[in-house]
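Chains as they are written, first to last, in the working numbering: chain A, 81 to 405; chain B, 12 to 549; chain C, 1397 to 1705.
One or more of the hints may lead you astray.
Unchecked claim - Some, not all, of what chain A presents toward chain B, calculated at C-beta under 10 angstroms:
(1) R104
(2) R131
(3) D134
(4) L135
(5) H155
(6) L156
(7) E228
(8) T256
(9) F343
(10) L346
(11) N369
No lab work stands behind these hints, which were simulated from the structure alone. The beta-carbon is built from N, C-alpha and C at its ideal position, and this holds for glycine as well.
So the chains spell out like this:
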Amino acid sequence: MSDVSLESNSSLWKDAVHRLARNRAAVISVFVLALIIAACVILPTFHGIIRNPDLQDLPNKNMGPSFSYWFGTDHLGRDILSRVLSGGRISIAVGLITTLVSVTIGVCWGALSGYAGGKTDAVMMRIVDILYALPFLIVVILLGKTLEPLTSQLTKGVVGWFSPPGSLSASINKTTAWVEPITTLVPLFIAIGALSWLTVSRIVRAQVQSIAKQEFVEAARSLGLGHFRILFRHILPNTLGPIIVYTTLTIPGVMLLEATLSFLGLGVKPPYSSWGILIDEGANRMLSNPWLLFFPTLFFASTLFALNFLGDGLRDALDPKSAKD
Amino acid sequence: MFPRVTFRGLLLIAAPFLLLLGSCQKESQVDRATREGILLVGNSAEPKALDHQLVTGVIESKIITSLFEGLVADDPSRDDAAIPGAAASWEHNEDMTGWVFRLQPQGKWSDGTPVTAHDFVFAYNRLLHPDFAGPYAEMLYFLEGAEAFNKGKITDFSQVGVKAVDDFTLQLKLREPVPYLPSLTRHYTWFPLPQHVVLQFGRMTDRFTKWSVLPNIVGNGPFKLTEWRFHDFIEVKRNTHYWNAAQVGLNGIRFYPVENPYTETRAFLSGQLHTTYQLPSDLIRTVKKNDPEFLRQEPYVGTTFIRLNTTRPAFSDPRVRQALSLTIDRGQICEHIMEGFIPATSLTPKMGSYEPEAKLRFDPERARALLAEAGYPNGDGFPVFSMLISRPAARAGAEALQAMWLKHLNIRINIQNMDWGSYISAQQSLNFDMASAGWIGDYLDPTTFLNIWTPGNGNNNTGWSDLQYDSLLRAAALKSNPAERTALFREAESLLMDAQPILPVSHYTRNYLLRPEVKGWHPLLLDNHPWGAIRLER
Amino acid sequence: MLANLIGRFLQGIFVLFVLFTVTFFLIKALPGGPFKSAEKAIPEHIRAKIEAYYGLDQPVRVQYFRQLGNLVQGDPGLSLRLEGREVTEIISQAFPVSLRLGIAAMTIAMCLGIPLGVVAAWRKNTLMDYSAMALAMVGICIPAFVIGPLLADQFGRRMNLLPAMGWDPTDPSSWMLPALTLGLATGAYLSRLTRAGMLEILSQDYIRTAKAKGVGSLRMLIRHSLRGGIIPAVAFIGPAFAGIISGSVVIESVFAMPGLGLHFIKSIEVGDAPMILGSVMLYGTLIIIANFLTDLLGLWLNPRLRASR
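With the sequences and hints as input, model every part of the structure.
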C-alpha cells in the first residue's frame, strides 16, 4: 500500500488531474470559480463596464433589480452588481490568504504534535488550549490599534511602487483605490491566520495519530526512512481528505469573520465592501429589500459550493486507492 | 432506501413542531399581559445599576423613574408642566435662587416608612460627597456650595444650599437663578434615597452596597422591584405604599433589555412587547406599509453631530470647519438615511421658548471658496482624515458624508470603525481627527447642550474653547428674566455655530412601536413617560 | 491511567495560569477602562476616586496578585460594568442558559450532521451524496444572523407559533429557534467532516475487502467504519461544544437570550477585568475538559493508540 505513494510523483499528479477531469461536479465547479474570480477581478478594474461601486445616488436608493440596475441598488443608491463584484475581490483575497495561512500552520502543528506524541504532543496541545480560550476579541482590538500605522505605510509604499515617478495625483488615487482595500486587510490576515488554525491542528493531530499506528507506517519505519519523510510523504497524504474538507469549511468562516471584525475596525474600511459586509447589511433589510441579501449571498454561496465540490473532487483524485474503485 | 431515509429525517426534524401545533392557539404574550395589567417594554440594554446615584444613562432612567419619584413629577402629556411628585407644593423667591418644597404628607417608601426631607438631604449629601464619587454629581452643582463640597474645597455639608426645615419641608439655596429648577428635579440625580435602608447595608459613602438589589431595594415611586435577571428582564409591581397609588393604572411593568433593535421589532410584531425602545430606520418604510397603526415618530431633544479635533492643523482653521459643514446636505441625509430625523439648523433643538438662530445650510459653492481661502483650492493638499464611528448603524450616515465631501470639496475621508472603549478613549485624549457622535438632553433647557463646549467639560473633546462664549453662558446663567437669558443663549449659540468645532447633522426623532391598547402615553420631548399615568385597555 | 489523569490535571492548572496572566495583561493594554467609557464623561476628580475605590490606582503588580488570589479562591470579584454585582452571580445566571442552549443545539447538530455525513459517504458521488452535501453547504453558507431572523420572522411574526425572542427555562418553545439556528450550522460542519472521515476509512484495505465480499450495506458500513470515520468530527465537536456553551453572541443577539456571550462582549468593550477574567477562566476550563474528553474518546475510537501506551 505504501509503495503506491513511493512511485514517481509525475505520474501520480497526471493521474490525479486525469481523474479530476472525469469528475463532472469538479469540472463544473472549476468553471464556476473561474467565472466568478474573473468577473470580480477584471470587471471592477475597468471603469465603464460596470458602475463605480462607491457612487451614491440617494434618490434612487433601494430600487429592485431592473434593466439599468441588474441587481438593484442599496440603501445609499449604489449599484449592487458593482458592489458584489468589487466586494468579491476582497472576500476572495481574505478567504484564500487567511485560510492558506491558518491551514498551513494548523496542519504542520497538528501533524508534528500527533506524530511526535508524548511530551512534545502535550506541550503543543496545551498551547492550543491556551490559544483557544484566549479572548480573541481583545487580541483583535489590540492588533488593530498596533498595526494601524503600519498599514497606511504599506499602502503608501505599494502605491509608490506601482505609480511612475512624477505621475499625476489622479493616477495615485486610482491605484490607491485598488491597493488600499487589500493593504488595510493585512492586520486582519495576521489576526485570523494566527488564531483560526486551532481546530485544523486538532483534527490533523487526531488523524495522524490514528494513521501513525498502521502497518504501512511501521513498515516504512523499519525500512529506516526518516521521520520527516514518513510524516510528510506517507502519513499526511492519507489525512488529505479531512484537511481539504476542513479547508473548504474554513473559507466561509473567515469570510464572514472579516465582516464582524470590520465593525471593530480591523477589516475593510467604508466605502469599500466585501461579501460578508454586504450580507450583513442585507440581513438587516431582508424583509423590505430582499435583493440586498439575495445577490451577495448568491455569489458567496456559489463560490463556496464550487469550492466544496472541487475540494471533494480533489480529494478523490488525490486518493491513490480510489482509482481502483 | 433513499425515500425512507429522508422521510424519517423529515419526521425527526418536524416532530417538535408538530407537537407544538397543538399548543399554538394560546393567547399571545401581550394579550395575556394586557389582561393582567402588565406593560411589556423594550428597554434596549441592561442597566448598569438601579442605585440612581451610580448611573448616568437613559436606559437606567426608564426603570429608575418607575421605582423612585423626584420632588416634581412628569406630566403625561405636557413637556413644560410641573405637577406634584414627592413634593405637594413649592414656591420660590423673586430671583429664583431660593426654593421651598413641601413634601407629600402621605409620602411613603415602599416599606411603609415616611419619605422625609431628611431623605433628600441625605441623598444630595451622598451624591456630592467626594468619597462617594457619584459620576453625575455635577447635576447638583446648581446648589450653593455644592461644587466646592464635591471637589473637596469645603468639608462641611451644612454649607451646601440644602436644608430640611422640618420633616416635610425642604429648602434649597441655589448659586444662580434657575427658573427651570422644577424641570431639573425630574432628573434622577435629584431623587431622594431611603436613608434607613442605605445605612442598614453600609456607610453613606460606600459606592455599591446591597441596598439597591433584591430583596433590599426600597423606593418611593409608583412601583417596586420584584425581579431582576441580567440581560433577561426586570420586573416591577405596583407599590401599595405610593402616595398616589389609587391613580396608578398598571399592575406592573417588565423591562426587556433587548440590545438588537431588529430583534426587538420582530418580538413586538410577534406580540411579545407593548412598546419598543427604537425602530431601525431601514424598517420604517416596511412598518409604515404593513403595520402603520403601531408606528410612532416623535421629536426628541437630541442632536447627532460630527465632532472635530480642532487641534489638528487643517481643522484649526474655522474656514475649513465651515466648508465641511456647508457641504453636508442635511436634507438628503434625513430624507434617505436617518429617516424621520430632522435636518439640524443649529446645535440645540427647539425647546420651549428657546429657538436658536438657523445658521446651518447647504452651500457647496461657498464651501469651495472657503476651502480655497484656507489654502486648499479644489481640496489639493488637504490631509486624509479619519472619522471614527462606534456602531454599525452609524456606517450609512458616515458613508454619505464621505461621499458628499469627496463630491463637493474633492477631499478624502477615511471611516474608522471602533469598539466603544477605543472610540471614547481616542476622543477624550484628543487622539482623533473627527468622530460621529450624538447628545441627548437631560432636561429642557439649552444649557444641557451649550455647557458642553466650555473648557474643561469632560464631553467637549474638541480642543475648542472661546472666552467670549464662556462669558456669554456665565452672563446668561445669572439672569432670572427668561427673555434676557434666552437672548444671551442665542448669542452664544450663534458664536458656536460660526466657529463650528462640531458639525450638527440632525435632530433625533424617536422612532418606535407602540400598541394601541397602551393608554395615557403621549409624545414627550424628553421621552420620560410617567409610568403611573399609563393604563392598558383592550 | 491514574498518572495520566493527574498529569493532565496539572497541565490544566498550568494552562489556566498562563491564560490568566496573558489575559490580565491584554486587558491592561486595552484602551479606555471601566470608568472612562461612560457615555457621559465622568469628571476627572470623581473618576480618580472611583478607581481608587476599586483599587485600580494601585501598581499593576499589586492588582495582578490580588486578582490571582481572588481567582484561586474561586471568586473573580465584583463586576465593574454592572457595578458592584458579583461576577459569580452574573455567571451563575447566564451559564445555565448557555449550557442548555448548547446541549440542545449540539443534540440537533449530531442527530442531523453525523447521519447525513455517513449516508453521503456511503453513496458517494451519487445524487444522494450531492443533495446531502448541498444541504450541508446551505447550512454553512447562510450565516446564523440570516437564518435566525428568518426563522424568528417565520415562526414568530407570521405563524405566531414560537416566541421571536426571550428565554423561559420552563417553556422549551422559547429555546427551540435559537437551538435550531445554532444546531443547523454546527450540524452542517459535522456532516462534512463525517463524510470526509468516513471516506478515508472506506478507502482502506479492510473495508475494501469486506466490500469485495459483497457486504456493502449501511449496517456493515456503520459497524466497520463509523468508529474510525468520525474521528475528525469528534476533534471538531470538543472545542465547538465548549465554544457554544460559553456563549454564542450572534444567537444571543438575534434571540435576546441572556447567555454568557453578550456579557463577555460588553465587558470587553469597557475593560471590566474581573468579569472578563472570570469568563475566560470558565471557558478555559471548559476547553481543557472538552479536549481531554475528546482525547479519551479518540483513544476509545482508535484501539491501536491504546495498545501502544
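Do the hints match the structure? See the list:
{"no.": "1", "hint": "R104", "result": "20 angstroms, violated"}
{"no.": "2", "hint": "R131", "result": "14 angstroms, violated"}
{"no.": "3", "hint": "D134", "result": "7 angstroms, holds"}
{"no.": "4", "hint": "L135", "result": "8 angstroms, holds"}
{"no.": "5", "hint": "H155", "result": "6 angstroms, holds"}
{"no.": "6", "hint": "L156", "result": "6 angstroms, holds"}
{"no.": "7", "hint": "E228", "result": "8 angstroms, holds"}
{"no.": "8", "hint": "T256", "result": "9 angstroms, holds"}
{"no.": "9", "hint": "F343", "result": "5 angstroms, holds"}
{"no.": "10", "hint": "L346", "result": "8 angstroms, holds"}
{"no.": "11", "hint": "N369", "result": "8 angstroms, holds"}
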